[in-house]
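Taking the hints into account, I'd like the entire structure generated from these sequences.
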Amino acid sequence: MRYAIRTEGLSKSFTLHLQGGVTLPVLHDVELAVAPGECVALAGPSGAGKSTLMRCLYGNYGAGKGRILLRHGETEIDLAAADARVMRAVRRDTLGYVSQFLRVIPRVATLDIVAEPLLARGVALEAARDRATSLLARLNLPAKLHGLPPATFSGGEQQRVNLARGFAPRYPVLLLDEPTASLDAANRAVVIGLVEEAKRAGTAIIGIFHDAEVRERVADRLFEVHPIPAAA
Amino acid sequence: MSTAGAPLLEAEGLTLRFGAIPALEEVALSIWPGEVVAIVGESGSGKTTLLRVLSGLVRPERGTVRYHGADGAVRDVHGMAESRRRLLHRTEWGFVHQNPRDGLRMGVSAGGNVGERLMAVGARHYGSIRAEAAAWLRRVEIDPARMDEVPTRFSGGMQQRLQIARTLVTRPRLVFMDEPTGGLDVSVQARLLDMLRGLVADLDLAVLIVTHDIAAARLLAHRMLVMRHGRVVEQGLTDRVLDDPQHPYTQLLVSSVLAA
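Line order of the protein sequences matches chains B and V. If you count the first sequence from 1, position 127 lands on 127 in our numbering, and the numbers rise without skipping. If you count the second sequence from 1, position 62 lands on 62 in our numbering, and the numbers rise without skipping.
These aren't lab readings, by the way, just hints derived from the structure by calculation. Each hint should be verified, as a subset may be incorrect.
[Unchecked claim] Sample of chain B residues lacking proximity to chain V, with all beta carbon distances greater than 12 Å (derived): (1) V40; (2) R67; (3) D130; (4) R131; (5) R138; (6) A181; (7) A186; (8) E213; (9) E216; (10) R217; (11) P227.
[What the hints assert, rightly or not] Short, incomplete list of chain B residues facing chain V, as computed with Cβ under 7 Å: (12) L18; (13) G62; (14) A84.
[To be verified] Anything over 12 Å on all C-beta distances counts as not near chain V; from chain B, calculated: (15) E8; (16) P36; (17) A43; (18) Q158; (19) I192.
Built from N, CA and C at the ideal position, the CB exists for glycine as well.
Structure follows, in structure tokens:
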């Protein structure tokens with residue numbers, strides 16, 4: 001199968017040195033492959049490691065064992081072994097991540113937050129701002145808010161800023177961690193539309209969708225993340 | 001940013017002792033164009049010493065620092081003549097000190113502090129020097145109407161912003177920053193950090209920033225090195241070092257910070 005991102009034997013545990021060195025295994029031998037244009041929803045009980053898997057894919061957590069193979073331009077890169085500079089290039093060009101919460105950058109206007117990943121890829125300022133404006137409008141964020149920093153926005157508004165920023169660059173691979181958690185029905189429908197559009201454009205999407213309606217609409221299949229049984 | 005090409009600065013095996021105390025032990029580090037690298041650690045970890053060794057201000061006992069100049073030549077920072085090192089500090093490099101008094105001339109006007117750096121790299125036309133100094137004051141959020149005042153009349157935050165304008169006006173390729181927000185109130189720090197973030201991105205600067213402020217490092221840096229007792233104990237992508245720290249000391253450091 002042609003894939004956009006694929007894991008081989010991906011395992012992850014956390015060693016807590018401040019708690020006497022106790023080790024918490026979270027992921028064990030995860031084998032996930034997602035094709036361009038496909039949307040895979042991660043399933044499994046709370047605490048099974050769905051968010052940990054997403055963070056490993058994004059390089060926010062280091063992979064413990066195994067490989068994370070990503071198509072990056074004409075090359076294939078093992079993210080589990082990639083250094084910080086390669087990871088930065090991958091995040092600029094190939095791999096997007098919409099986290100549950102916007103990490104607010106003080107004093108930066110919403111429009112600039114959304115346009116920033118486009119500018120980093122060399123898109124001209126005006127084109128980047130146009131795309132940012134149209135995405136924010138589509139996500140029903142009133143124009144009068146675009147020039148303000150999102151620090152004082154509601155949770156739902158911040159999430160929509162985060163979504164606009166994540167969808168703006170049209171990454172080949174997009175990770176969505178509960179993208180509709182604080183949204184109303186109208187905005188959930190907008191997100192469903194954005195996901196469907198991205199899929200048609202060939203984006204591979206991996207998501208955690210607690211909202212069953214959203215999940216059924218956008219996911220082509222489920223990928224079960226199994227909790228690791230507590231050590232006997 | 002690209003992953004090809006050569007680093008601007010490359011250090012290997014840097015070792016230095018102050019008496020019996022190891023200040024640096026076998027430190028290696030590279031920084032590429034357009035990259036912001038934070039060096040974090042508590043007081044006495046060796047991070048300021050490292051910055052001073054990297055910028056040629058202090059000579060290591062062992063190890064080398066190589067700089068890839070704009071002219072394409074690679075030079076040993078500690079092997080070059082003092083005059084060339086001074087020239088680098090005036091042109092291709094910048095240094096932002098924790099205390100603005102160490103980087104500013106306190107008896108010279110704000111405009112003069114900025115214009116002087118331009119003159120040092122050959123600018124001669126008074127009108128254009130003054131215009132550029134005014135533009136830079138505006139850029140660091142200092143009212144150009146105050147350009148004829150001496151910095152002693154400015155607040156700490158303004159002095160620090162002035163030092164940054166003075167440093168960046170000549171468009172250095174590599175900037176060393178030693179705790180640039182160190183002596184400032186928290187609200188002033190946030191403003192300065194946002195300003196730095198914008199400037200670094202706009203000018204595509206390479207920056208080595210020493211800080212004990214983890215939140216500042218997260219906001220500014222692409223990569224992070226964690227130092228303890230003169231050694232680099234952990235390094236990597238900033239968000240990974242902070243969110244998935246591996247070394248016991250990094251775990252302690254991260255867990256001691258409120259919502260970094």
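Right, here's what the structure says about each hint:
Once the 12 Å rule is applied to beta carbons, V40 (chain B) is consistent with being away from chain V; the minimum gap is 23 Å. Listed as outside the interface, R67 (chain B) is consistent with that label: its C-beta sits roughly 17 Å from the nearest C-beta of chain V, beyond the 12 Å cut-off. Listed as outside the interface, D130 (chain B) is consistent with that label: its C-beta sits roughly 20 Å from the nearest C-beta of chain V, beyond the 12 Å cut-off. The claim that R131 (chain B) lies off the interface holds: its Cβ sits roughly 18 Å from the closest Cβ of chain V, which is beyond the 12 Å cut-off.
Listed as a non-interface residue, R138 (chain B) keeps its Cβ farther than 12 Å from every Cβ of chain V; the least gap is roughly 26 Å. Non-interface call for A181 (chain B) relative to chain V: holds, since the shortest CB-CB distance, roughly 20 Å, exceeds 12 Å. The Cβ of A186 (chain B) sits about 32 Å from the closest Cβ of chain V, beyond the 12 Å cut-off, so the non-interface label holds. At roughly 31 Å from the closest C-beta of chain V, the C-beta of E213 (chain B) stays outside 12 Å, upholding its exclusion from the interface.
A cut-off of 12 Å between C-beta atoms confirms that E216 (chain B) is not in contact with chain V; the least separation is 31 Å. With a closest Cβ-Cβ approach of about 31 Å to chain V, R217 (chain B) is found to remain outside the 12 Å limit, as its non-interface label requires. No Cβ of chain V approaches the Cβ of P227 (chain B) within 12 Å, the least distance being about 19 Å, so the stated non-interface status holds. Nearest Cβ of chain V to the Cβ of L18 (chain B): about 6 Å, under the 7 Å cut. The hint holds.
For G62 (chain B), the suggested interface contact is upheld, since its CB lies about 5 Å from the closest CB of chain V, less than 7 Å. A hinted interface residue such as A84 (chain B) counts as satisfied when its beta carbon comes closer than 7 Å to some beta carbon of chain V; here the least separation is about 4 Å, so the hint holds. Remark: the non-interface label on E8 (chain B) is consistent with the geometry, its nearest Cβ contact in chain V lying 20 Å away (cut-off 12 Å). Every Cβ of chain V is farther than 12 Å from the Cβ of P36 (chain B); the closest lies at roughly 23 Å, confirming the non-interface assignment.
A cut-off of 12 Å between C-beta atoms confirms that A43 (chain B) is not in contact with chain V; the least separation is 24 Å. With a least CB separation of 16 Å from chain V, Q158 (chain B) remains clear of the 12 Å interface cut-off, as annotated. Listed as a non-interface residue, I192 (chain B) keeps its Cβ farther than 12 Å from every Cβ of chain V; the least gap is roughly 29 Å.
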